[in-house]
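> Sequence:
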Amino acid sequence: MLFDTDVIIWAFRGNSEAQHEINNAKPRQISIITYMELLQGARNKHEQKHIKQFLKAMSFEVLPITANISHRAAILIEEYALKAGLNISDALIFATANEHAIRLCSSNEKHFRHLPDLDTKPFRPNPQKSTAKRSRQKQ
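Just so we're aligned, residue 1 is where the sequence shown starts under the numbering used here, counting upward by one.
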């Protein structure tokens, strides 16, 4: 299962539904785009370290962007950027799932609903099932 960035973020916030999805998936995969988005969203080095530890502890495989994935994403951007607002990150994540023929778990259904041939597992989080808030530690 390929996880979109949003599902990982929900898990970090302590959402039990997101944690359940991740715990029950084998193999667990993310795109390098998701990895970079997670690191970019961290507020400090401590959070970046926590993200890396979490991904390692959960045995996530980080899938690289290949020439085929780039080509697929470019075609998607040409077709859906103007028509449906598809952005580069989402096109690359979609193309990664498509290239590897794996299911994509995401709560951002609107980002992917116009795209053909995508096997998705919609994730609809209940915010009340989140137990932790993001810390604001400085480092």
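I should point out that these hints are in silico values taken from the structure, not numbers from a laboratory.
Don't take each hint at face value.
[Claimed, not checked] The list that follows gives simulated cross-link-like pairs (lysine-lysine, BS3-like), each with its CA atoms no further than 25 Å apart: (1) 26 to 45; (2) 26 to 121; (3) 49 to 26; (4) 45 to 83; (5) 56 to 83; (6) 45 to 56.
> Can you list which hints this structure breaks, lowest number first?
1, 4, 5
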